[in-house]
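There are 2 protein chains.
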Amino acid sequence: MDVVIVGSVALDSIETPSGAVERALGGSATYASIAASYFARAGVVGVVGGDFPHKHIATLRKRGVDLEGLEIIAGGKTFFWRGRYEADLNERTTLETQLNVFETFSPKMPASYRRCPFLLLGNIHPELQMHVLGQVERPRLVLCDTMNLWIDTALKPLRRLLRRVDILCVNDGEACQLSGKTSVTAAAEWLLKAGPRRVIVKRGSHGCSMFGRQSFFSIPACPVRRPADPTGAGDSFAGGFLGYLASCGRTDESALRQALVVGAVMASFCVEGFSVGSLLRLKRADVAARCRALHRAVQFEPIRLRN
Amino acid sequence: MDVVIVGSVALDSIETPSGAVERALGGSATYASIAASYFARAGVVGVVGGDFPHKHIATLRKRGVDLEGLEIIAGGKTFFWRGRYEADLNERTTLETQLNVFETFSPKMPASYRRCPFLLLGNIHPELQMHVLGQVERPRLVLCDTMNLWIDTALKPLRRLLRRVDILCVNDGEACQLSGKTSVTAAAEWLLKAGPRRVIVKRGSHGCSMFGRQSFFSIPACPVRRPADPTGAGDSFAGGFLGYLASCGRTDESALRQALVVGAVMASFCVEGFSVGSLLRLKRADVAARCRALHRAVQFEPIRLRN
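Respectively, the protein sequence lines represent chains A and B. For the record, in the first sequence the residue sitting at position 69 is 68 according to numbering that gives the first Met the number 0, with numbers rising by one throughout. For the record, in the second sequence the residue sitting at position 304 is 303 according to numbering that gives the first Met the number 0, with numbers rising by one throughout.
Be a bit skeptical, because a hint or two may be false.
Copies of the same chain are indistinguishable here, so a pair counts whether it falls within one copy or spans any two.
Unchecked claim - Cut-off 16 Å, straight-line C-alpha distance, at most; resulting in silico cross-link-like pairs (EDC-like, lysine to aspartate or glutamate):
1) Lys155 <-> Glu126
2) Lys180 <-> Glu85
3) Lys192 <-> Glu252
4) Lys180 <-> Glu102
5) Lys180 <-> Asp87
6) Lys155 <-> Glu85
7) Lys54 <-> Glu102
8) Lys107 <-> Glu136
Treat the hints as calculated values from the structure; they're not laboratory data.
Could you build the full structure based on these sequences and the hints that come with them?
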């Protein structure tokens, strides 16, 4: 396996100004593995209940996502999330969360996943993320996501975890909350001292930035005329990021920058449809075209100031 | 005169998490003219009262800002604004506004300004902005700012004005409000149809984007570790933008992109101090260094996707 993704596989009911879906395929590991599957072999470590529709399994398999690490608890119910977005799609409201089988989830890595070089620790309890780290053999790169819930309720294990991951990937609000800083730049500096060698800060429709101890890289989001549903954008970003790194086999600054672009492109496709709809329909040429468009969008000639 | 700037010259009382100032030098034309003065001859069209401290006049003169267009009404009081920023400096609260001499302000262009090639219509009533346009002879480029107040109360004259300006410069919220769209991309498309040939959307600490009918350019904000006071950042941006264009004498896409970078750099200096403090202390080398840093911050190698 090139990329292993630990996270949620869920059913989502989502309402946005563009429409609504009921019990659609969702979850962080779902979005990330689909995005990664365009570039590398991706496997999922997660859990669903007996109610998880077989068509969703078929959808993931058809995309080439490996499901050996997906546990199915016949008598249980799948993690369910209901949320709503207002006109500003950067803000969302959680209306209902049913943890169900996720409540007692204990990630188990299949033997074939243990030597995977690229590992995505999706947004689950930091203790579980640490538990996963204990099951892999010297991964080349570990990317870690988290959320405000764990910053509030599990800060200590989260701090311990930060010392063991290569890259932390959070949004601007989470970066500030976790560091106690009010500017993203100060937050990133603080987080870099806490462990990871890169901090990726997602800025929703404004793009994303990657901070290193000696480096700063930032790109805009691909312009999307009619964003339909931002759910999973961050996970699609992370999956595209790791999938691209696995495909090129490098983790130097140049490759990380390219991976950030690929991640942003996958996120831009994700938000164009509800659930994983638009993420499933991609052609490699679509991805390449948006990577080129982002390259054009940031070009400028060196500036010479006159006296 | 290379750049003429119409807007407010004010006294600001500002409170942020980093500190506070009372009746400090402020106003859109103040920030914009100081920023522009680093690159070109800049003149101000505005009004102050007899209470306007002479030291502020001296400060502007020392920076080389031309004040022939600054009316001083001896018996009047200067425009006063009091505002507060919370931890998220992208959001601000107006606590007090005293229009004073600004209430009856009717911009008058001195004869020496009428043939200026670059004109900044700062954020004042759209009828006044139009009135200024009637006093200039075929400017090469007109940049127009506005705000939610005029979108709410003077939409019709604002719409008429849009047909007569080259570039509209607004923040993301204003772009959406003015167009009635919910995504910045859709808003920019709508605004481009309303008149201007470029729309600049400022995204606070997330950077800014420039939309054309066939072009899209976007840059991050320069990372600022300890932003002190964001007041005037957008005006410093606009002043730097036009000052740079005037200095290089071009208005093609390449020059506009460079000007956007220079504008973003001037805004980043502005937010590092209270009032115009940090904007006054710049050296050309400081500006050039941040332009180079922004160039490095957006570089990535073309992406080749493997099969």
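Within, between, both or neither: how does the pair lysine 180, glutamate 102 come out at a Cα-Cα threshold of 16 Å?
neither (32 Å within a copy, 40 Å between copies)
Identical-chain pair category, lysine 180 with aspartate 87, by Cα at 16 Å
So lysine 180 and aspartate 87 pass the 16 Å test across copies only (10 Å; inside, 25 Å).
Checking lysine 54 and glutamate 102: alpha-carbon separation at most 16 Å within a copy, between copies, both or neither?
neither (24 Å within a copy, 66 Å between copies)
When no copy is specified for lysine 192 and glutamate 252, does a C-alpha distance of 16 Å or less occur within a copy, between copies, both, or neither?
neither (19 Å within a copy, 40 Å between copies)
First find the shortest C-alpha distance between lysine 107 and glutamate 136 inside one copy, then the shortest across copies, and answer within, between, both or neither for a cut-off of 16 Å.
Close inside one copy (14 Å), not across copies (74 Å); limit 16 Å.
16 Å Cα cut-off: does lysine 155 pair with glutamate 85 within a copy, between copies, both or neither?
Answer is neither; intra-copy 34 Å and inter-copy 28 Å both fail.
Classify it for me, lysine 180 with glutamate 85: is the Cα-Cα distance of at most 16 Å met within a copy, between copies, both or neither?
between (27 Å within a copy, 13 Å between copies)
Quick one: lysine 155 to glutamate 126, C-alpha cut-off 16 Å, is that within a copy, between copies, both, or neither?
Cα proximity of lysine 155 and glutamate 126: one copy only (10 Å, versus 58 Å across).
Of the numbered hints stated above, those contradicted by the structure are hints 3, 4, 6, 7, listed in ascending order.
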